[in-house]
Structure formats: structure tokens, C-alpha cells
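Participant: For the sequence shown, the numbering used here puts the final residue at 332, and the numbers step up evenly by one.
Everything labelled a hint here was simulated from the structure, so no lab data went into it. Cβ atoms here follow ideal geometry from the backbone N, Cα and C, with glycine treated the same way. Keep in mind that a hint or two might mislead.
[Said to hold, decoys possible] Listed next, the in silico EDC-like pairs over lysine to aspartate or glutamate satisfying Cα-Cα at most 16 Å (straight line):
#1 Lys286 x Glu268
#2 Lys2 x Glu163
#3 Lys142 x Asp298
[What the hints assert, rightly or not] Taking CB as the label site, the calculated pair distances span:
#4 Ala316 x Thr295: 21 to 29 Å
#5 Val313 x Lys229: 29 to 37 Å
#6 Glu108 x Lys65: 39 to 47 Å
#7 Asp56 x Lys229: 34 to 42 Å
#8 Glu189 x Glu51: 48 to 56 Å
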Amino acid sequence: MKKVSIVIPIYNVEKYIRECLDSVINQTYKDLEIILVDDGSPDQCPEICDEYATNDSRIRVIHKKNGGLSDARNAGIKSATGDYLMFVDSDDFIQDDMVEALLSACVEYNAQVAACGRYIYSDQMIQKKHCGKCILKFSSEKALVELFKGDVLEEATWDKLYERSLFDGIFFPVGEVNEDLVTIPYVIERCNRVVHIGEPKYYYRYNPTGISKSQYTEKKSMVISNLRKIRNDFAHRSEELLEAIGVLEGRYSYMLLMTIGSDPIIRENYYNDYNKYEQMFIRNYKELMKSGTLTPKDIVQVTLLRMGVYFSVRKAYRTLKGVFGGHKVKEE
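Please work from the sequences and hints to get the whole structure.
Facilitator: Structure (C-alpha cells):
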């Protein structure tokens, strides 16, 4: 049997860690190497990890100083000995047949990477993101196109199973946001074939402090240099990849314009960044609109943003809503 190494970076997730670990140890596929990377967690996670390791010989625990998600993943990669590699975030969990389903797809279709759909959930909502029960097969270049468009495939690390050798010499960048963006494309580049099984097998906990929701910080300014690197490394290979990278840049610039522009103080402090994202957004607006990846709400927002009136329209809407709704709405 092929051994699958599962790397789980752990930090300050005492509330969710048992659900995550239970979903991994109860997989229908049993030949697992489960690597728990305690990234200096200040809560009870280190003790919980040791408890699980005592009860399951497949579990190894790495206790280390806090270095962030990328550093924890890298520690797991260096320690892994399996034929295949998988990552699970410690506040998420997986269906009991996820490993078996992805490994079977790799073997059956001679693929080096297998991906699945996901459930996106929080305390208030849950939604599926998948492509039905169909099996989709991609060459390396076609997989990169889909990855950059962000529709069927995405740059997320955790919804995929990889041949471990694909990560030889590749590590996640420490100290950056959106570490998946500048890692997974270079892994996919090494593949001959990528397969997507369609069905959702991964439960992703929606994070309201993610890139599109949290306050803009200095670290997020790295995104524009990361997008530039992606363009420099991949855009010249084909017209299809060039267009897909336009969609990628459009998606990220749209999210970041919404984040910066929503707060006048942040917009003033990061005026140069805002202008760079605005230029990138305008340049890639057409590719984004015709990509088929936007929701109806996104289409309205993107259109208003392109016209340069989104934030004034939103302010007027909230003011009117406050007046006719019988209460005053705080303006942002």
C-alpha cells in the first residue's frame, strides 16, 4: 500500500482540533503518517496533540517555536516519509473517505495531483463548492489555467493530494500572506496530469478575517509582487495562460480594492497600493467579467467599481437605508 503523509499545522485552535484530528484518524484508508506540527500554540493544543499521539502510533508530533503557517507546513514537509502528501488546516475537517477517494483517482488516472470539492461553512452558513460527480482531467498547463481562473481548481493547498516528490525543493514562503498563491502553481507545473473528482470531501471553515474581509496591512502589499512573479513566470507560455493570469489579477485586485476602499483612513495610508490595485483591476476588468467565475452580486460590485462609483453608491444606499429603515446607519 502507498503511504500518505498528512501534515496538520496547529496554532490556537483548541476549540476545533479534536474534530479535525478525529476526522483524520478515522479515514477509511489506514496507511497514514499523521504529522501534527504544534507551532508554539499557547492553548491546550500541545497537550491534545500528545494525547492523540499516545493513542495512535501513526501520529507524530513536532513541537516548535511559533513561525507561522508556512513555517509549520515546511516542518511537516521535511518530516514526511510517505509516497503522497496532504495538508489539513487544524480548524477544518475532512470526510472519512477523502484520502481513499483522492488516492484512488491518482492511481486510476495516472495523476500526480488529485483535488476535490469543498464545503465552506461557519456557525451561520454552509455551502458546497464542487463540480458534481464528474471526473475532470487536466494537463499541467490546463490545470494552471483553471487554477488561475479560480473556478474548478483553486490555489488552496488543503483540497488536494500530491505525490510527495513534487515538493522536492519547494517550500512555502515564510512571513507572507497568500502563501498558497506562490507555492501551488509551481507544484502543479511539475505534474503530467491533475485530476479533480468533483465531489466535496473537505470542510473548510470560513474565516471572516481572510484577505477579502480583514483590515489591510503592510503584509498584504506583498500580494502585488507575488502576482507580478506569477505573470513573469507563466504568462509567456500561452495565450490561454496569459488570459487566466488576467483573471487571477482581476480577482485579487478586486478583493483588495474592496478591502482598502472600505475604510477612508486605510485608503489614505495605503494610497499608492490602492492606485496599483486600481490600475491592475482596470487592466484585467474584461478578463474577469468574461471568466464566468463571478456571482451576480460580484458582477454588480465589479461593474460599479470599474465605473469608479462603487463606494459613493454604497454610502448613499446605506444612508437611505438608515433613513427609511427608521434608524441611522453608521457610515464607513
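Participant: State for each hint whether it applies.
Facilitator: Each hint, compared with the structure:
The suggested pairing of Lys286 with Glu268 is violated, with an alpha-carbon distance near 28 Å, which exceeds 16 Å. Taken as a hint, the Lys2 and Glu163 pair is honoured in the structure, with Cα atoms around 10 Å apart against an allowance of 16 Å. Pair hint Lys142 plus Asp298 does not hold up; C-alpha atoms about 25 Å apart against a cutoff of 16 Å. Range check, Ala316 to Thr295: about 23 Å between beta-carbon atoms, so the 21 to 29 Å window is met.
Take Val313 and Lys229: their Cβ atoms lie about 34 Å apart, and the range 29 to 37 Å holds. Restraint check, Glu108 to Lys65: a C-beta distance of roughly 42 Å satisfies the suggested window 39 to 47 Å. For the hinted restraint 34 to 42 Å between Asp56 and Lys229, the CB-CB distance of approximately 40 Å keeps it satisfied. At roughly 40 Å, the beta-carbon separation of Glu189 and Glu51 lies outside the given 48 to 56 Å, and the hint is violated.
Hint check: violations occur at hints 1, 3 and 8; the rest are consistent with the structure.
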